[in-house]
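Undergrad: Chains as they are written, first to last, in my numbering: chain A, 36 to 454; chain B, 36 to 454; chain C, 5 to 157; chain D, 5 to 157.
Worth flagging that the hints you see were computed from the coordinates, not collected in a lab.
A couple of the hints might just be wrong.
[As the list claims (entries may be wrong)] Below, a list of computed lysine-lysine pairs in the BS3-like style, where the Cα atoms sit at most 27 Å apart:
1. B:Lys449 to D:Lys26
2. D:Lys21 to B:Lys313
3. D:Lys21 to B:Lys449
4. C:Lys131 to A:Lys313
5. C:Lys131 to C:Lys21
6. C:Lys131 to B:Lys313
7. A:Lys449 to C:Lys26
8. A:Lys449 to C:Lys131
9. D:Lys131 to D:Lys26
10. D:Lys21 to D:Lys131
11. A:Lys313 to D:Lys26
12. C:Lys26 to C:Lys131
[Claimed, not checked] Simulated coverage check for chain A against chain B, where a stretch passes if three residues somewhere in it have a Cβ under 8 Å from a Cβ of chain B:
13. 58 to 66
14. 97 to 110
15. 267 to 278
16. 303 to 317
17. 323 to 336
18. 396 to 402
Every residue, glycine too, gets a C-beta built ideally from N, C-alpha and C.
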Amino acid sequence: MTLALPALDVQALRADFPVLSREVNGHPLVYLDNASSSHKPVQVLDAVRDFDAHHYSNVHRGVHTLSQEATDAYEAARTTVAAFLGGRHDELVFTKNATEAVNTVAGSFGNARAGERFALGPGDEVCVTEMEHHSNLVPWQMLCERTGATLRWFPLTDEGRLDLSELDALVNERTKVLAFVHQGNLLGTVNPVDVLVARAREVGALVLLDGSQSAPHMPVDVHALGVDFYVATGHKMLGPSGVGLLWARPGLLDAMPPFMGGGSMIEVVQMASSTYAKAPERFEAGTPVITQAVGLAAACDYLTAVGMDRVAAHEGVLTARLLEGLRTVQGVRVIGPDTTEARGSAVSFVVEGVHPHDVGQSLDELGIAVRVGHHCAAPVCRRYGVPATARASTYLYNTEAEIDALVEGLERVKAFWSA
Amino acid sequence: MTLALPALDVQALRADFPVLSREVNGHPLVYLDNASSSHKPVQVLDAVRDFDAHHYSNVHRGVHTLSQEATDAYEAARTTVAAFLGGRHDELVFTKNATEAVNTVAGSFGNARAGERFALGPGDEVCVTEMEHHSNLVPWQMLCERTGATLRWFPLTDEGRLDLSELDALVNERTKVLAFVHQGNLLGTVNPVDVLVARAREVGALVLLDGSQSAPHMPVDVHALGVDFYVATGHKMLGPSGVGLLWARPGLLDAMPPFMGGGSMIEVVQMASSTYAKAPERFEAGTPVITQAVGLAAACDYLTAVGMDRVAAHEGVLTARLLEGLRTVQGVRVIGPDTTEARGSAVSFVVEGVHPHDVGQSLDELGIAVRVGHHCAAPVCRRYGVPATARASTYLYNTEAEIDALVEGLERVKAFWSA
Amino acid sequence: MTGTDSLYQEIILDHYKNPHHKGLRDPYDVEVHHVNPTCGDEVTLRVQVRDGVVQDVSYDGQGCSISQASTSVMTDLVIGQPVPQALGRAEAFLALMQSRGTLEPDEDVLEDGIAFAGVSRYPARVKCALLGWMAWKDATAQAVGPSTTEETA
Amino acid sequence: MTGTDSLYQEIILDHYKNPHHKGLRDPYDVEVHHVNPTCGDEVTLRVQVRDGVVQDVSYDGQGCSISQASTSVMTDLVIGQPVPQALGRAEAFLALMQSRGTLEPDEDVLEDGIAFAGVSRYPARVKCALLGWMAWKDATAQAVGPSTTEETA
Ligand SMILES: Cc1ncc(COP(=O)(O)O)c(C=O)c1O
Ligand SMILES: Cc1ncc(COP(=O)(O)O)c(C=O)c1O
Numbered sequence: 036m037t038l039a040l041p042a043l044d045v046q047a048l049r050a051d052f053p054v055l056s057r058e059v060n061g062h063p064l065v066y067l068d069n070a071s072s073s074h075k076p077v078q079v080l081d082a083v084r085d086f087d088a089h090h091y092s093n094v095h096r097g098v099h100t101l102s103q104e105a106t107d108a109y110e111a112a113r114t115t116v117a118a119f120l121g122g123r124h125d126e127l128v129f130t131k132n133a134t135e136a137v138n139t140v141a142g143s144f145g146n147a148r149a150g151e152r153f154a155l156g157p158g159d160e161v162c163v164t165e166m167e168h169h170s171n172l173v174p175w176q177m178l179c180e181r182t183g184a185t186l187r188w189f190p191l192t193d194e195g196r197l198d199l200s201e202l203d204a205l206v207n208e209r210t211k212v213l214a215f216v217h218q219g220n221l222l223g224t225v226n227p228v229d230v231l232v233a234r235a236r237e238v239g240a241l242v243l244l245d246g247s248q249s250a251p252h253m254p255v256d257v258h259a260l261g262v263d264f265y266v267a268t269g270h271k272m273l274g275p276s277g278v279g280l281l282w283a284r285p286g287l288l289d290a291m292p293p294f295m296g297g298g299s300m301i302e303v304v305q306m307a308s309s310t311y312a313k314a315p316e317r318f319e320a321g322t323p324v325i326t327q328a329v330g331l332a333a334a335c336d337y338l339t340a341v342g343m344d345r346v347a348a349h350e351g352v353l354t355a356r357l358l359e360g361l362r363t364v365q366g367v368r369v370i371g372p373d374t375t376e377a378r379g380s381a382v383s384f385v386v387e388g389v390h391p392h393d394v395g396q397s398l399d400e401l402g403i404a405v406r407v408g409h410h411c412a413a414p415v416c417r418r419y420g421v422p423a424t425a426r427a428s429t430y431l432y433n434t435e436a437e438i439d440a441l442v443e444g445l446e447r448v449k450a451f452w453s454a
Numbered sequence: 036m037t038l039a040l041p042a043l044d045v046q047a048l049r050a051d052f053p054v055l056s057r058e059v060n061g062h063p064l065v066y067l068d069n070a071s072s073s074h075k076p077v078q079v080l081d082a083v084r085d086f087d088a089h090h091y092s093n094v095h096r097g098v099h100t101l102s103q104e105a106t107d108a109y110e111a112a113r114t115t116v117a118a119f120l121g122g123r124h125d126e127l128v129f130t131k132n133a134t135e136a137v138n139t140v141a142g143s144f145g146n147a148r149a150g151e152r153f154a155l156g157p158g159d160e161v162c163v164t165e166m167e168h169h170s171n172l173v174p175w176q177m178l179c180e181r182t183g184a185t186l187r188w189f190p191l192t193d194e195g196r197l198d199l200s201e202l203d204a205l206v207n208e209r210t211k212v213l214a215f216v217h218q219g220n221l222l223g224t225v226n227p228v229d230v231l232v233a234r235a236r237e238v239g240a241l242v243l244l245d246g247s248q249s250a251p252h253m254p255v256d257v258h259a260l261g262v263d264f265y266v267a268t269g270h271k272m273l274g275p276s277g278v279g280l281l282w283a284r285p286g287l288l289d290a291m292p293p294f295m296g297g298g299s300m301i302e303v304v305q306m307a308s309s310t311y312a313k314a315p316e317r318f319e320a321g322t323p324v325i326t327q328a329v330g331l332a333a334a335c336d337y338l339t340a341v342g343m344d345r346v347a348a349h350e351g352v353l354t355a356r357l358l359e360g361l362r363t364v365q366g367v368r369v370i371g372p373d374t375t376e377a378r379g380s381a382v383s384f385v386v387e388g389v390h391p392h393d394v395g396q397s398l399d400e401l402g403i404a405v406r407v408g409h410h411c412a413a414p415v416c417r418r419y420g421v422p423a424t425a426r427a428s429t430y431l432y433n434t435e436a437e438i439d440a441l442v443e444g445l446e447r448v449k450a451f452w453s454a
Numbered sequence: 005m006t007g008t009d010s011l012y013q014e015i016i017l018d019h020y021k022n023p024h025h026k027g028l029r030d031p032y033d034v035e036v037h038h039v040n041p042t043c044g045d046e047v048t049l050r051v052q053v054r055d056g057v058v059q060d061v062s063y064d065g066q067g068c069s070i071s072q073a074s075t076s077v078m079t080d081l082v083i084g085q086p087v088p089q090a091l092g093r094a095e096a097f098l099a100l101m102q103s104r105g106t107l108e109p110d111e112d113v114l115e116d117g118i119a120f121a122g123v124s125r126y127p128a129r130v131k132c133a134l135l136g137w138m139a140w141k142d143a144t145a146q147a148v149g150p151s152t153t154e155e156t157a
Numbered sequence: 005m006t007g008t009d010s011l012y013q014e015i016i017l018d019h020y021k022n023p024h025h026k027g028l029r030d031p032y033d034v035e036v037h038h039v040n041p042t043c044g045d046e047v048t049l050r051v052q053v054r055d056g057v058v059q060d061v062s063y064d065g066q067g068c069s070i071s072q073a074s075t076s077v078m079t080d081l082v083i084g085q086p087v088p089q090a091l092g093r094a095e096a097f098l099a100l101m102q103s104r105g106t107l108e109p110d111e112d113v114l115e116d117g118i119a120f121a122g123v124s125r126y127p128a129r130v131k132c133a134l135l136g137w138m139a140w141k142d143a144t145a146q147a148v149g150p151s152t153t154e155e156t157a
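For reference, chain A alone in the conformation it holds in the complex (with noise of 0.2 Å):
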């Protein structure tokens, strides 16, 4: 494979993470669990630690020099965030994960405070895909039980792709809500975004993309994706836990009752009733998670000094050589994409007569940390008929000596297991 970047310096990279010279079980550990969570670089645990010891106060709300000092670290890191992926300072929520984030979003609608565009009843349709991450689905569902709305989802094919043969029909004149995921969390698909948004407007149905796993891995421009709402999560892509992101088009938020009430998101509070702050602080009830975001920040600032360009040609290469090298593994079988194209660097698989959780912890003892089950993605283990999954993740710090060392893992699970 050719790139067209000069490639990452990984050795270099990795130095930045101390929990990659770890070992596990008197093995180097060989992290590939990074679609359910990455590690952070000393950057970002420096940022962390240098503003809780030395900036940390609470924000909006003083007038002390290290309320101000807060505030500002607090509000820069919105910027930045929101630079990251293309956005401006005043579209962005911080939530504490993605899942708040959706739910923020499913809860405007069909509320009889929300603009017209949020209304959703009986006869109205949300709709959604069958590779979502549940934290992209049970939100939909809990909105369709709450309103009568009717929830429908586009199939997947044999390959791990949507299934668009049925696009007019899935998205009609009764779809308020299209919400689907950037890049499936199980399968690795990255989906055609343009296709979905085209037809989302042809009907006026609002788009949201769960970018939990693209933010991390691939440039994104929320204004060039032409979607409403984007979200992702702080500790996909560097970050901390406890932060995740709402991005919304200009206008949207400001049409959106408040999904939690309490302090920070007020105007005026009188005992028999309030008034609610602008976006995005009408967003961000009670004291916000601060240090997680400037830790978030710091994230982005290293992902861009590293470019996501290259984060995402490396990748590719890891990829590759993942699918290639499992394809020499006999009775192992990709459930998703079996090549690199349009799709990111999850990639599940089977292996013949060995339960998933049984490969991932024979892989454990030689140190390989890969995730087995249904990946918060139930309904596509049973779309591919299979209980669980184990799946392999990679991120700009894995190695094709990694990948190498996964494959012939693999080999020895297989080996005594048959034994």
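Fit chains B, C and D with the ligands to the known structure of chain A by using the hints.
TA: Chains B, C and D with the ligands in isolation, oriented as in the chain A frame:
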């Protein structure tokens, strides 16, 4: 004042808090904004960093070693934090802050999926007090708006106490939930939980106690308090931002519908509908606040090692000195109880002829951090006829010398503004 | 990948490869279906109780080595036992699983079940080890409970 | 507590202690009431516009030194000015406030308003400094807008 306990070695404690050795505007920092947010000792900073650097992974989701270590740490944190409040492991939900905890409970009322005790509609009543933080007021306003229930509240006496003269009328057979603050964040008042709980029991109302200001400052035993729900927030009790907690009496959480949908809170997910996990997982949708919970547990360990009764005694000494000192400054009026009886360490005041903003800013020029504004309790300001107050609030690391610095600083502020 | 420290003790591997009492059989009083939502493992299990004794336990299902082997061991431990004794063994196994490696299992009570002591150090696998046991407890409670006759298949 | 670095420049303190044009006056076209929710500061402000010129601005309210002084300075800067010029000054002041200390204010345009340059380094106080200006912009927009006649008091 005689203490039953050996006093704290405050100087030794202070060495644990890096920020306390900072200078602000050429003066040593005097941090008296603890009711807004507290600082973190190195023990917490180290716990957070060590976990993030060496043991971090997503929880509940993997069989590999890191994921097991992270799950162990997260669940051990749940046990520690629950025990700190006298509760048990599976009675405790981690949220992002106290505000989310209140919203989670409020969201359960009037929800068709909730148990009978959460039924709420027109004719029913929700009772709060006039001294609530917005985070324990606005969610109940939103609930009443959603369900048609009526919001009622206890008024305040001139001394800054709850006016309980209409107790039986305000908490009556129609009252379904009584939500009130344990220790007021603006007034510092400690409320008579026993009296209110006894009346709530008579009429069968559920009781939510907002412990955001009590958990950090006094020994708390949720079972002994006899309440149904208790909420608090990590950043005010030496923990990180981004973590709060909801404790509930056994049985209640299981009768509550989920507040948010997503990963981890599910049992069986089909495309059309899902079933939900038991509490506490049911209320922790998505990747939880993993590192933050670990940090909060370290904070609880720190507080336990110091001893919460000693923390309370130390703050009692500081508060007495502060109230005494303020009495010596002409033109200063305390808003709230002016004795240490049944009051905590947050002391609000106004300075005649000087706007609170100017008081706060001028004190900052002397390195003294107090908070100014309505402290997310605007109705309290209205009640006492002030647009805002200045508030000094101490914690275990404050000294009597710092109290004296504030009192002396106020004389200088007055001199400046009357020049 | 085996060894005294490993999760995968020889006993476990033996039961996994050659499970005892597997396959659904008649007659039975109660049949239950249990699922481990975190991994999709499932078991269908039948119980027959006569005169207070666990007459037969039969099952089918899919799952990892731990859940399969544990269910196999369970059938050995409960079939032929009076219900109270069998429940006692279930409690002993549950206690072992929740011990996080701190309990020394009693071989007289748990027989091959002691091979699972190490599993308790792997919280993510404890649920696997308990799947069959929980299904059996559920089915047995139904079989001996007051509503037995209505609920049996 | 003063000094070149301080927020509290002499000019600000002078306007605070001796505010210009304070007190509500007749006649006026529009009266507005603005509140800063984060601190409870409020201002009631009246505007009279004649022939495209800001004829009078009067106000009352409570607030900190910054909000009071800024409102006083604002009246000096807009009274007697053609509306477009006055709005230009408002924009210049707004830009200064949002500059986080990076803008060099133009004394010809902002006169005493340049004393507020330092405020822009204190984000918590920027809203204070803008309270009166925002009220004036709002009232003026109403006074010159198409719906003037209906909305006037
Ligand atoms: C009494 C009280 N309740 C609730 C809260 C809300 O806490 P948080 O902002 O962390 O949600 C606070 C503090 O802000 C408080 O002082
Ligand atoms: C595609 C996708 N969507 C949503 C989520 C939810 O993210 P979080 O758990 O941080 O809320 C995840 C990861 O867990 C994911 O992979």
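Undergrad: Take the hints in turn and mark each one as holding or not.
TA: Here is what the structure says about each hint:
1. A distance of roughly 24 Å separates the Cα atoms of B:Lys449 and D:Lys26; the hinted pair therefore holds under the 27 Å criterion.
2. With a CA separation close to 63 Å, the supplied pair D:Lys21 and B:Lys313 exceeds the 27 Å bound.
3. Among the hinted pairs, D:Lys21 with B:Lys449 is consistent with the structure: their alpha-carbon atoms are about 14 Å apart, no more than 27 Å.
4. Distance check on the hinted pair: C:Lys131 and A:Lys313 sit about 46 Å apart at the alpha-carbon level, beyond 27 Å; violated.
5. Taking the CA atoms of C:Lys131 and C:Lys21, the gap is about 20 Å. The hint holds against a cut of 27 Å.
6. For the suggested pair C:Lys131 and B:Lys313, the alpha carbons sit about 14 Å apart, so the restraint of at most 27 Å is met.
7. Taking the CA atoms of A:Lys449 and C:Lys26, the gap is near 24 Å; set against the 27 Å cutoff, the hint holds.
8. For the hint pairing A:Lys449 with C:Lys131, the CA-to-CA distance comes to about 24 Å; that is within 27 Å, so the pair holds.
9. Note on D:Lys131 and D:Lys26: the hinted pairing holds, with a Cα-Cα distance of about 20 Å set against a maximum of 27 Å.
10. For a cut-off of 27 Å, the pair hint linking D:Lys21 to D:Lys131 stands: about 20 Å separates their Cα positions.
11. For the hint linking A:Lys313 to D:Lys26, the alpha-carbon distance of about 31 Å lies beyond 27 Å, and the restraint is violated.
12. Restraint check for C:Lys26 and C:Lys131: satisfied, since their Cα atoms lie roughly 20 Å apart, inside the 27 Å limit.
13. Check result for the segment 58 to 66 of chain A against chain B: holds, 4 residues qualifying (beta carbon to beta carbon below 8 Å, three or more required).
14. Given a C-beta distance limit of less than 8 Å, the hint that chain B covers the segment 97 to 110 of chain A holds, as 6 residues qualify and 3 suffice.
15. Chain B is given as covering the segment 267 to 278 of chain A, and this holds because 6 residues of the stretch bring a CB closer than 8 Å to a CB of that chain, at least three being needed.
16. Coverage of a stretch by a chain is defined here by at least three residues with a beta carbon nearer than 8 Å to that chain's beta carbons; for the segment 303 to 317 of chain A and chain B the count is 7, and the condition holds.
17. Coverage of the segment 323 to 336 of chain A by chain B holds. Counting CB-CB distances below 8 Å, 5 residues qualify, and the rule asks for three or more.
18. Evaluation of the coverage hint for the segment 396 to 402 of chain A: fulfilled, as 3 residues show C-beta separations to chain B shorter than 8 Å, against a requirement of three.
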